[in-house]
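Participant: Got chain P sorted already, so can you dock chains H and A onto it with the hints?
Residue numbers (the working numbering), protein chains in the order written: chain P, 1 to 308; chain H, 309 to 621; chain A, 622 to 1160.
The set of hints was computed from the structure by calculation and includes no laboratory data.
Below, computed lysine to any residue pairings styled on SDA-like, alpha-carbon distance capped at 25 Å:
#1 H/Lys431 <-> P/Pro30
#2 H/Lys431 <-> P/Val34
#3 P/Lys212 <-> A/Leu979
#4 H/Lys533 <-> A/Thr732
#5 A/Lys683 <-> H/Arg438
#6 H/Lys541 <-> A/Gln783
#7 A/Lys753 <-> H/Asp616
#8 H/Lys431 <-> P/Asp299
#9 H/Lys533 <-> A/Lys755
#10 H/Lys533 <-> A/Ala703
#11 P/Lys212 <-> A/Leu1022
#12 P/Lys212 <-> A/Arg977
#13 H/Lys533 <-> A/Asp773
#14 P/Lys212 <-> A/Arg1024
#15 H/Lys466 <-> P/Pro273
#16 A/Lys888 <-> A/Met877
#17 H/Lys466 <-> P/Val271
#18 A/Lys753 <-> H/Val530
#19 H/Lys541 <-> A/Asp773
#20 H/Lys533 <-> A/Ile743
#21 H/Lys533 <-> A/Leu731
#22 P/Lys212 <-> A/Phe1014
#23 H/Lys466 <-> P/Gly70
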Amino acid sequence: MSAEPAILDTARPVAARPPSDAWRRLFRHPGVLVGGFILLFMVIVGLCAPLLGTIDPSGINPTVRNRLPGFERTIRADDGTEIPFTFRMGTDSLGRDVYSRVLYGARVSILVGVIVAVISIVVGLVIGLIAGYVRWLDGIIMRFMDGLMAIPAILLAIALVSLFRAGLFSVIVAIVVPEIPRVVRLVRSIVLSVREEPYVEAAIMAGTPTPKLLIRHVLPNTVAPLIVQGTFICASAILIEAILSFLGIGIPPETPTWGNIMAEGRSLFRVFPHNIFYPGIFLALTVLAVNMLGDGLRDTLDPKMAQR
Amino acid sequence: MLSYILRRLVATVPVMLIVAVLVFLMLRLTPGDPAAIIAGDNANTEQVALIRTRLGLDQPIFVQFFIWLGNILRGDFGESFFFKKTVAELILGRLEPTLSLALFTIVIAVAVAVPLGVLAAYKQGTWIDRIVMGFSVMGFSVPVFVIGYGLIYLFAIKLNWVPVQGYQPLAQGFGGFIHRLILPSVTLAVIYIALIARMTRASVLEVLGEDYIRTARAKGQVEIKILFRHALKNAAVPIVTVIGLGIALLIGGVVVTESVYTIPGLGRLTVDAVLARDYPTIQAVILLFSLVYVLINLAVDLLYTLLDPRIRY
Amino acid sequence: MQGEPVLDIRSLTVRLPGGADRMNAVEEVSLSVHRNEIVCIVGESGSGKSVTAFTVMGLLPKGILVPTGGEVLLEGEDVLKATPQRLRDLRGTRMAMIFQEPMTALNPVLTIGDQVDEVLRIHTQLGPRERKAKVIDIMASIRLPDPERLFDAYPHQISGGQRQRIMIAAALVLDPALLIADEPTTALDVTTQAQILALIKDLQRRRGTGVLFITHDFGVVAEIADRVVVMQNGRVVEQGPAEAVLRRPTQPYTRMLIEAVPSLEPKPRAAIAGPVAVETVGLSKIYGGGGLFKKERTVRAADNVNLAVRRGETLGIVGESGSGKTTVARCIARLIAPSSGAIRLKDADIASLPERRLRPYRRRIQVVFQDPYRSLNPRRTVGASIIEGPMNFGLSERDALDRARSLLRLVGLSPDALERYPHQFSGGQRQRIAIARALAMEPDVLIADEAVSALDVSVQAQVLDLLDDIKRRFDLAVLFITHDLRVAAQICDRIMVMEKGIVVEDGPTHRVFNAPEHPYTRALLDAAPGRGFGFGKAA
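Extracted from the complex, chain P is given alone in its bound form (with noise of 0.2 Å):
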């Protein structure tokens, strides 16, 4: 059942392939595409929300509190005008427009997954890189990893949250600090094996200083399985914001996140569950999308990292 027919060649390792040739495989994955086809539309819907017949998110109007998905009536447009307008997926206890809130919501999901892969990717690494090629910095730094490690993600977000006061800002760090540890180990195991491939002892051999060493031979070695690992970041990320939110320690209620739209609606699910499944199915959907896309990135980018 093995894919590769080692038995053509016992004596020949399989060469690494030319990087030209991942990037082909990559488009043609077809996780790769789906996934990347359903978030570009979410990127779109949340970029364009204003033009796809919204109205303000946050606009509370107590005379349609609570309707079903489909209701109509006029409301008053900024310019004043009475307009007739029909809310597609309903309305909130304070009568806010869902699908309004709905569109918005993915721009507050995809940001705070975007921004916290980024750092957890930028901090992980350098700390990764130190804790790899600095002996004795080695031990201090990942006995502290191990320790934030020994705390449940979810558990260490929601304690880091209560810390400060609500905010966009604040629900980054706490989401950003529980994935670091896991970026340090990946580059950390990175660095330790290349490190004892021939071709960094020849460099080391050839007099190489160990910063250009390490940006020469090993930083390359990480960009895929980074990457990889940035993308699931990502889609833990947007999970755990819509989890904080709709916990109702997140991000402020007012602002129109999937999570907050589908707080709100929890006292009164029995009778209007659309407020949480609409939010919900788009929170499930731009999750599977990032997370379609990791699985094809690492089949294609990591065959080695393919087994995890």
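Facilitator: Just chains H and A now, with coordinates in the frame of chain P:
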């Protein structure tokens, strides 16, 4: 063996110490007077002063740490001013629902996920494999509370098979207990199943590529025995590992699931404590969950020696 | 050798998947194995010898390699037409196989007795007690010490040679008519190899088994074969009785292969009187020890090693795995720090210099590594790899490239290799590039750490010639690490033999080979396969 267990137990001390330091520092790093923060918004100045002397807040920070740590090691987690109880009492009262939920979930997840993963690996590349893997990606992607409300909508509201929410202690009868526990457990199990099934598939596939599998085929062994006698036993270590690491995911899920199903457990307590900014409770819950997590993974490590003769103690 | 052959392969063709460099892995191959006969298939990597063996067992990867023509008759029955059920019945009973890697071919979580017993459980109705008696019996016959005790041992608790014996036991326990051995001794040390070869030969004679033995090593062929089949690029080039093929090959390819096998008899070489380029005094490397909670064993990987290499001289360090030969090389290259002792490079002692102060000396010692597939950064062009060192030492890019171009020409490659990537080159070519990279630093000392071990024998000979040539041309001191006595005999002026971290013998190559003083050296020489045959003498 005993000395090995002891040695490993001792080795968890530094990790827990770091967790303790982190939990301790968390509160000290927030702006404001820790005593006032701990006392909560409704406390009067006398209560604040009492806390200040009890925690030694006028002393250097590392002395404060050891006072705090000493109290905890004696089982004194402080007092919750919000719940008007000692934190220890509070936690003990919330233990049963969470423990029941977690154990039931683990049983469901392992029983479903391992066979699914083996099946997917065995049928690699077929539609069975694709369905299992597709389910796995979905399980990772759909948030626990969406699954929870989806199941409530279907089984409690539309079909009316189970109660919508709530918890019934075991002491009031097993039937009602399990009846109310089944939906939350299934909800919580989804992501766990996704994780374990995926790892099972991957590790079985990896083992199936090993030389000794080829040896078994060369002996004329049938595929089904190759799968269970040779492959699964070798794949057990990574599978058990991921079950242990998945506990972190489970704990996160407990917090959300208990909120969705209004189960009065530790997860619900955590959220309430955060909403009320009840710091002694938050600290205690984090320490407790982390300790459980670390100990479970220690148990997993010890299990390795049973699963793989190469790992010696 | 009368009667019907045990195995009769008739014009077998196995198709390769699309995109490979040739149509078929194996093409129109015909050969036969009779009772009580050892047939060796010999060939270089990619010759299709293993594919042939796996086809017989029906173990080809499904859907990737497909037999498209011919017959494979096992005692008259075509296994290509057999149902999967029938094939499983035949495996273990009528045909059995042992593999190259004894370390991974046994299941690590099952006891070895259980794994031999498995064959009996699959194919016989014997009760547990009878089975155990049979297993103990076969384990005794492969000369395993204390089979009763080893029955319950796990594979990691026994040595590589013992594991291969267990594989043989499991293969022969039901007395199959055909045993296929796929490079069964390649991963083993030379002394262990000799024991396993003797064992296979002995069991085969006693049981009358037909053996199909796959190897790349003509020494092994000379040692064990009754008949020889030479394969190249999926085709049979030549076959016949071993004596005839080895002594009087009719095909140029066979002749070339046999001539490329280095002789075990060193040419007489004059002592070299050049200045000492590098010298170690009391060099030791100790691993392990320490650790507060762990009780680690200490391993003396290298113990009090004293050596000196003169300019223009090649010093060989010979030993089996675990002898410490590579440790010594890595210490001298300062890829690891020695635990004690001195490494003198001209007047400086580099044994304990920190990396920053070491850097100026790096240029003087260069290494050619064993694995040509991992010693070049796959993401960087050949040119970038070669000029990295000289540019670290202040050469301008242009001058460095000029130097790289002339060195590539010197090692027999076209200068346009500079812009290409390592994956575009074969193993032998990469090793040439690695040599060029080392020379670009203009070193005094060149360490070749098993530098030709991963190469096919024909390529190996060329790279050895190249190493000898550059040594002369640049007046280098060469430290040559190898496990292969034949290679050492050809290239080394002096030889050091190491065993378990200790130098047991040291002297001029012809003296060590012709009059070994230490029993371990004698054991090594006696174990060299094909010793009685005298390869390379004619050349």
